[in-house]
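Colleague: Sequence:
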Amino acid sequence: MFLNKTKPLFPSLPQLPSLRQIKQTHGNVVVSGNHRFFVVHLLSQLSLSSFVPFPLEYCISVFNSITFPSVFAFNTVIRCHAKANSSPSLSIALYSSLRRRFLNPNKHTFTFVLHACTKNPNNNNNNNPGVQIHAHVIKFGYACNVFVRNALIHFYFECSSVDSSKKVFEEDTLWSDVVTWNSMLTGLVRNGEVRVAEKIFDEMPERDVVSWSTMIMGYVQNGLLEDGLECFRVMRERGIRPNEAILVTVLSASAQLGLLGCGRLIHSTIEASRFPITVPIGTALVDMYAKCGCIERARALFDGMLKKDIWTWNVMICGLASHDYPKEALALFQKFIDEGFCPVSVTFVGVLNACGRAGLVSEGRHYFKLMVEGYGIEPEMEHYGCMVDLLARAGLIDEAVGLIEMMAVTPDPVLWAILLDACKIHGFVEMGEKIGNKLIQLDPTHDGHYVQLAGIYAKARKWEDVVRIRRLMVERIANKVAGWSLIEVQGRVHRFVAGDREHECSSDIYKMLETIVLRITEAGYSSKQLNSIA
Numbered sequence: 001m002f003l004n005k006t007k008p009l010f011p012s013l014p015q016l017p018s019l020r021q022i023k024q025t026h027g028n029v030v031v032s033g034n035h036r037f038f039v040v041h042l043l044s045q046l047s048l049s050s051f052v053p054f055p056l057e058y059c060i061s062v063f064n065s066i067t068f069p070s071v072f073a074f075n076t077v078i079r080c081h082a083k084a085n086s087s088p089s090l091s092i093a094l095y096s097s098l099r100r101r102f103l104n105p106n107k108h109t110f111t112f113v114l115h116a117c118t119k120n121p122n123n124n125n126n127n128n129p130g131v132q133i134h135a136h137v138i139k140f141g142y143a144c145n146v147f148v149r150n151a152l153i154h155f156y157f158e159c160s161s162v163d164s165s166k167k168v169f170e171e172d173t174l175w176s177d178v179v180t181w182n183s184m185l186t187g188l189v190r191n192g193e194v195r196v197a198e199k200i201f202d203e204m205p206e207r208d209v210v211s212w213s214t215m216i217m218g219y220v221q222n223g224l225l226e227d228g229l230e231c232f233r234v235m236r237e238r239g240i241r242p243n244e245a246i247l248v249t250v251l252s253a254s255a256q257l258g259l260l261g262c263g264r265l266i267h268s269t270i271e272a273s274r275f276p277i278t279v280p281i282g283t284a285l286v287d288m289y290a291k292c293g294c295i296e297r298a299r300a301l302f303d304g305m306l307k308k309d310i311w312t313w314n315v316m317i318c319g320l321a322s323h324d325y326p327k328e329a330l331a332l333f334q335k336f337i338d339e340g341f342c343p344v345s346v347t348f349v350g351v352l353n354a355c356g357r358a359g360l361v362s363e364g365r366h367y368f369k370l371m372v373e374g375y376g377i378e379p380e381m382e383h384y385g386c387m388v389d390l391l392a393r394a395g396l397i398d399e400a401v402g403l404i405e406m407m408a409v410t411p412d413p414v415l416w417a418i419l420l421d422a423c424k425i426h427g428f429v430e431m432g433e434k435i436g437n438k439l440i441q442l443d444p445t446h447d448g449h450y451v452q453l454a455g456i457y458a459k460a461r462k463w464e465d466v467v468r469i470r471r472l473m474v475e476r477i478a479n480k481v482a483g484w485s486l487i488e489v490q491g492r493v494h495r496f497v498a499g500d501r502e503h504e505c506s507s508d509i510y511k512m513l514e515t516i517v518l519r520i521t522e523a524g525y526s527s528k529q530l531n532s533i534a
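Per our numbering, residue 1 is the first one in the sequence shown, and the count goes up by one each step.
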């Protein structure tokens, strides 16, 4: 009995071959004489690979070795060009070559070519070849193909043509899948149209975790932090397991709002779901606990993380500095350097802030010089703010003024405000008067500048000037923007403003306030003392 052993058409390659393995197999095939039957398969393997850098020149040489390339071969090499982020003109040239050979493009051709067109640096140019490709999509009858529609929506959003994306989407929503809807959500939130995205989200026939992730991130990235947390709560009620991006985003929202209870609830959700503490999630947890006042908890989490990246260290250094642990922050910075990490701009914000908190003037000067000369980091407004604060606290007003005046960028009024406060503390009336008048010229609608300057005059017993500045403030500031207060109760965020009567529990709140005032008065505090506390 004889076994019929037939030779396989293509040499076997591993599921995820290396570039070396592909080239070795290619060489063996060329030697064996079966080259023309294998190259298209080889090209397909290359297009699906994740090599960095992508071997585009090798892909082109493989494609050029094909005497009569098929549509599949053209599609594959166009895909290679898109993956390599090459100029879209090269992909368009390949598409033109396909048409000159009287080959008809298919849905994959249009998907890959449109993806390549998103790389066009002239995004706002109406002559973008992708618009012409759109005309070919209609001509060849692929306008209702869901994959091509998705590519068109993505293309127009990338080219900042939001209205065109909306038109493609609204042409026929029946030819849409969850990717189509998600593409619309992503494009709208990136364009800042969160409320329009919200309407789309509510109309979606089907949502996946990407839909929820896009909506939550859209809220948070556009400053609607409470809406983002509420969306997360609804998602959890629907029984949907969050992904890493969602968890990092809602932890960031909790940190920015200072909502410790909400942050703890998210942490318990992570633990209950047995979600792995990745570096991004671990960093977000450390940041949340640090910003919500639990610096010991943040440090414990930081020390327990098996892997940390540069942002994990930055969060911890800045957290320690802002909670008046300057020595610990500077020690951690030294350990950060010893571990082989290279500091970035925000690292030195934490370090200089730590020096300011501890009054370490010489150390602050050293680190500022190290940042510029040692690491080539250009100082930003935050760095100057830390240095001005450090010098002002030490009473070195002249040096701080000199630093501000030598800045390459226009100084923020906040820097002068820091100096003005220092002048009041240290009794530098003449310097304070100059800075105060300068601040009022820079920002005449900021009531704090008038108050600070009036305080300096009051300390110097210049009562006529106090009255003058107070009158000037009343004349120039007719409407002061109210500041909101936030409080978290039983997982819900409540917003208040002075004199607010809009809250549903307003009457109960004011009754409790009256009770508190009564008890404080009974404890011996006068009305004047109560006003100073308020």
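There's no promise every hint is true.
What the hints assert, rightly or not - Derived BS3-like pairs (lysine-lysine); straight-line CA-CA distance at most 25 Å: (1) Lys335 to Lys307; (2) Lys167 to Lys199; (3) Lys434 to Lys459; (4) Lys369 to Lys307; (5) Lys119 to Lys139; (6) Lys511 to Lys459; (7) Lys308 to Lys327; (8) Lys462 to Lys511; (9) Lys139 to Lys166; (10) Lys459 to Lys438; (11) Lys307 to Lys327; (12) Lys83 to Lys23; (13) Lys107 to Lys199; (14) Lys107 to Lys23; (15) Lys335 to Lys369; (16) Lys107 to Lys139; (17) Lys167 to Lys139; (18) Lys438 to Lys462; (19) Lys327 to Lys369; (20) Lys199 to Lys139; (21) Lys107 to Lys119.
It is worth saying that the hints were derived from the structure and are not from the lab.
Colleague: Each hint: holds or not?
Modeller: Structure-based check of all given hints:
1. Lys335 to Lys307: holds (15 Å)
2. Lys167 to Lys199: holds (16 Å)
3. Lys434 to Lys459: holds (16 Å)
4. Lys369 to Lys307: Since the Cα atoms of Lys369 and Lys307 sit roughly 30 Å apart, the hinted pair is violated (cutoff 25 Å).
5. Lys119 to Lys139: It holds: about 24 Å lies between the C-alpha atoms, which stays within 25 Å.
6. Lys511 to Lys459: violated (39 Å)
7. Lys308 to Lys327: holds (21 Å)
8. Lys462 to Lys511: Answer violated: Lys462 to Lys511 is near 42 Å, above 25 Å.
9. Lys139 to Lys166: The hint holds at about 21 Å.
10. Lys459 to Lys438: holds (19 Å)
11. Lys307 to Lys327: Holds. Lys307 to Lys327 sits at ~24 Å (cutoff 25 Å).
12. Lys83 to Lys23: Given pair Lys83, Lys23 holds - Cα atoms ~19 Å apart, limit 25 Å.
13. Lys107 to Lys199: Measuring from Cα to Cα gives roughly 30 Å; hence the hint is violated.
14. Lys107 to Lys23: Roughly 30 Å separates the two Cα atoms, so the pair is violated.
15. Lys335 to Lys369: holds (19 Å)
16. Lys107 to Lys139: Distance ~12 Å between Lys107 and Lys139 Cα, so the pair holds.
17. Lys167 to Lys139: holds (18 Å)
18. Lys438 to Lys462: holds (19 Å)
19. Lys327 to Lys369: Measuring from Cα to Cα gives roughly 19 Å; hence the hint holds.
20. Lys199 to Lys139: violated (32 Å)
21. Lys107 to Lys119: holds (20 Å)
Comparing the model with each numbered hint stated earlier shows that hints 4, 6, 8, 13, 14, 20 do not hold.
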